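Novice: Heads up: the sequence lines are chains V and C, in that order. For the first sequence, my numbering gives the first residue as 1, with consecutive numbering after it. For the second sequence, my numbering gives the first residue as 318, with consecutive numbering after it.
Hints in this document: simulated from the structure, not taken from any laboratory. Quick caveat, the model's predicted, so the values are computed rather than measured. Please note that a few of the clues may not be correct.
As the list claims (entries may be wrong) - Within a straight-line C-alpha distance of at most 27 Å, the following computed DSSO-like cross-link-like pairs (lysine-lysine) qualify:
no., chain 1, residue 1, chain 2, residue 2
1, C, K538, V, K217
2, C, K461, V, K217
3, C, K364, C, K566
4, V, K217, C, K460
5, V, K132, V, K217
6, C, K481, V, K217
7, C, K436, C, K481
8, C, K481, C, K535
9, V, K217, C, K535
10, C, K535, C, K566
11, C, K436, C, K461
Unchecked claim - What follows is a list of derived Cβ distance ranges for each label pair:
no., chain 1, residue 1, chain 2, residue 2, range
12, V, G114, C, R455, 23 to 31 Å
13, C, D531, V, Y37, 36 to 44 Å
14, V, V144, C, M421, 54 to 62 Å
15, C, G456, V, Q251, 41 to 49 Å
16, V, N303, C, A459, 39 to 47 Å
17, V, F308, C, P523, 21 to 29 Å
18, C, G493, V, I162, 57 to 65 Å
19, V, L134, C, G456, 50 to 58 Å
20, C, G493, V, P125, 30 to 38 Å
21, V, G199, C, G591, 50 to 58 Å
22, V, G114, C, G358, 52 to 60 Å
23, V, G199, C, A459, 48 to 56 Å
24, C, R455, V, A45, 55 to 63 Å
Positions of the beta carbon are idealized from the N, C-alpha and C atoms, including for glycine.
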Amino acid sequence: MTSITTSADRDSGMPLYGGADARFLRRRALWNRVASYLLFLAAAASVLVTVGIVYVLIRDSLPFFAKVSLLEFLTDTQWTPVFENARFGVMTLVSATLTVAGIALAVAIPAGLGLAIYLSEYARPTVREAVKPLLELLEGVPTVVYGFFALLFVTPLLQTFIPGLSGFNLLAPGLVMGIMILPYTASVSEDAMRAVPMGLREAGYALGYSRFRVAAKVVIPAALSGITAAFILGMSRAVGETMVVAIAAGQNPNFGFNPLEGASTITAYIVQMAMGDLPHDSIAYHSVFAAGLALFVITLSFNLVGFFLRRRFREVY
Amino acid sequence: MQRQLNTLMNEQFDDIPAPLGEASPATELRAEVRNLDFWYGDTQALKGVNLRVADRKVTAMIGPSGCGKSTLLRCFNRMHDLYPGNSYGGEIRLFPEDRNLIEMDPGLVRLRIGMVFQKPNPFPKSIFENVAAGLRVRGINAKKPLDERVEQALQGAALWDEVKDRLQESAYGLSGGQQQRLCIARALAPQPDILLLDEPTSALDPIATAKIEDLLTKLHKSVTVIIVTHNMQQAARISNYTAYMHMGKLVEYGVTDDLFTAPREQMTSDYITGRFG
Ligand SMILES: Nc1ncnc2c1ncn2[C@@H]1O[C@H](COP(=O)(O)OP(=O)(O)OP(=O)(O)O)[C@@H](O)[C@H]1O
Ligand SMILES: [Mg+2]
């Protein structure tokens with residue numbers, strides 16, 4: 001305001017540092033402070049909630065770790081919390097979780113990248129405009145639908161050419177979960193690819209690159225940090241996904257990585273226990289929190305790996 | 318430098334006919350634009366352009382903003398084919414084979430005609446891999462020829478001494494002027510027949526500009542250069558021929574010295590004396 005006060009204004013009596021300007025500055029300073037407090041509160045609230053959840057997880061799993069040693073928790077290959085002779089090897093659940101997530105990523109990475117490349121580099125604008133909302137629609141399908149799809153359609157279909165496949169297995173939910181996270185990974189990767197400046201593509205074409213070479217050698221490397229983020233988040237979702245596995249993978253805690261057998265994942269176990277009414281001081285009750293803590297650690301480490309991968313890739317280029 | 322260039326021009330230009338004069342033996346021409354029209358969708362951006370590009374000379378294109386310089390330049394490597402709705406009319410004949418590049422496969426055209434853009438656009442790769450990119454796509458992947466030709470191209474772009482100890486580092490660590498010379502090296506490495514440059518120095522400071530101009534005056538002994546520039550001093554300093562464009566038409570084309578000292582058209586004269594544009 002002061003900067004646009006010309007000498008002519010001053011001659012006509014408008015004060016330069018007088019009442020009006022001072023009031024303006026005071027008001028602006030006040031609003032700045034209020035806005036920054038409000039924004040800080042919003043940020044602090046989300047951090048507090050996260051810290052609170054972690055706190056509860058740790059607090060309620062402490063009684064569990066008082067009875068089961070961390071070593072047993074991490075190395076035993078049996079998970080039988082309600083048996084007479086209860087065993088608590090969380091790797092039993094972790095192995096099933098990782099198997100399903102691995103299968104899901106084996107579907108979602110190539111298909112998601114392919115779809116993203118197609119949409120961003122090959123598709124005509126009209127096709128892209130039609131497909132993008134479709135993907136978002138797919139993202140909105142409730143996961144319970146995917147679960148029944150895996151159990152009642154994919155498993156029987158697979159059984160026609162994989163005779164040894166159990167009715168509950170890890171393969172079908174893995175494949176379906178891959179399809180489930182595909183729209184998300186494809187659409188986030190596509191956003192990252194489209195953010196690559198056109199000038200970079202033109203540089204590739206000007207050298208005689210084919211469309212595919214431009215995608216593979218120019219666009220993907222340039223969009224890599226966004227693409228990694230997409231797949232890490234997809235992985236986190238696969239690890240944390242509950243409905244599909246609870247419905248189609250069975251609830252039998254089995255250690256091992258055989259996709260043809262059914263097995264309980266961490267999330268499936270938590271949901272199973274949460275639905276029963278366990279006495280609040282039982283070890284089985286506290287094992288739910290310990291399992292939740294394990295899930296939290298796995299997801300957190302994927303996010304950390306993603307963070308460092310992204311940093312590393314950025315440094316290479 | 319300027320004197321050197323002038324004598325060079327006077328000596329070597331005697332045997333080249335005036336660019337718009339009688340038809341010359343095809344071998345002295347690198348390319349000839351014949352009646353070229355170009356449309357962005359329904360908007361006509363080029364109207365009946367005729368232009369003869371002499372072999373291993375620097376041809377400059379000048380004219381007011383929006384007159385179609387970039388559009389014409391980008392016809393030479395079919396850049397417009399990347400975007401839907403664009404269309405060409407007329408011909409750009411390539412010599413000595415005498416083929417119309419508007420009808421060739423764009424990929425083939427681009428393997429022979431390199432381009433440097435207004436904004437430096439190195440790939441997110443190492444310095445070495447940037448220069449090697451155009452070689453790899455042509456099937457040159459063995460270490461020795463790659464090393465040799467990358468060095469040669471970087472020497473040619475007057476960048477070798479500055480980067481020879483950091484070839485494996487990211488190209489994004491270079492200054493703007495260095496990045497632009499890297500892009501020139503990248504375009505030169507595959508030894509294109511024609512090098513297109515679209516205002517290559519407009520984003521650079523005077524020192525970096527001088528380096529690139531110096532480089533271009535040396536370059537044209539081995540490669541045919543077509544350069545778009547807003548800077549008339551630059552056109553005068555480095556080009557052998559200059560084309561003046563206005564509203565999608567080529568108004569005047571001639572030996573650079575003639576065009577700047579004795580323009581035939583009033584429009585050209587107005588533009589170079591700064592009366593509009
Ligand atoms: N992608 C496009 N779609 C539609 N019209 C375009 C497009 N690109 C350029 N034009 C139009 O074509 C004409 C020529 O543009 P061009 O970019 O070739 O001009 P120029 O001479 O290079 O200008 P400058 O000196 O500003 O770079 C202009 O009128 C411009 O508005
Ligand atoms: Mg331009």
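Novice: Determine for every hint whether it applies to the structure shown.
Specialist: Hint by hint, here is what the structure shows:
no.	hint	result
1	K538(C) <-> K217(V)	32 Å, violated
2	K461(C) <-> K217(V)	22 Å, holds
3	K364(C) <-> K566(C)	5 Å, holds
4	K217(V) <-> K460(C)	19 Å, holds
5	K132(V) <-> K217(V)	24 Å, holds
6	K481(C) <-> K217(V)	24 Å, holds
7	K436(C) <-> K481(C)	23 Å, holds
8	K481(C) <-> K535(C)	21 Å, holds
9	K217(V) <-> K535(C)	32 Å, violated
10	K535(C) <-> K566(C)	30 Å, violated
11	K436(C) <-> K461(C)	31 Å, violated
12	G114(V) <-> R455(C): 23 to 31 Å	27 Å, holds
13	D531(C) <-> Y37(V): 36 to 44 Å	58 Å, violated
14	V144(V) <-> M421(C): 54 to 62 Å	56 Å, holds
15	G456(C) <-> Q251(V): 41 to 49 Å	57 Å, violated
16	N303(V) <-> A459(C): 39 to 47 Å	42 Å, holds
17	F308(V) <-> P523(C): 21 to 29 Å	43 Å, violated
18	G493(C) <-> I162(V): 57 to 65 Å	59 Å, holds
19	L134(V) <-> G456(C): 50 to 58 Å	40 Å, violated
20	G493(C) <-> P125(V): 30 to 38 Å	32 Å, holds
21	G199(V) <-> G591(C): 50 to 58 Å	31 Å, violated
22	G114(V) <-> G358(C): 52 to 60 Å	31 Å, violated
23	G199(V) <-> A459(C): 48 to 56 Å	30 Å, violated
24	R455(C) <-> A45(V): 55 to 63 Å	58 Å, holds
The earlier numbered hints that this structure contradicts are 1, 9, 10, 11, 13, 15, 17, 19, 21, 22 and 23.
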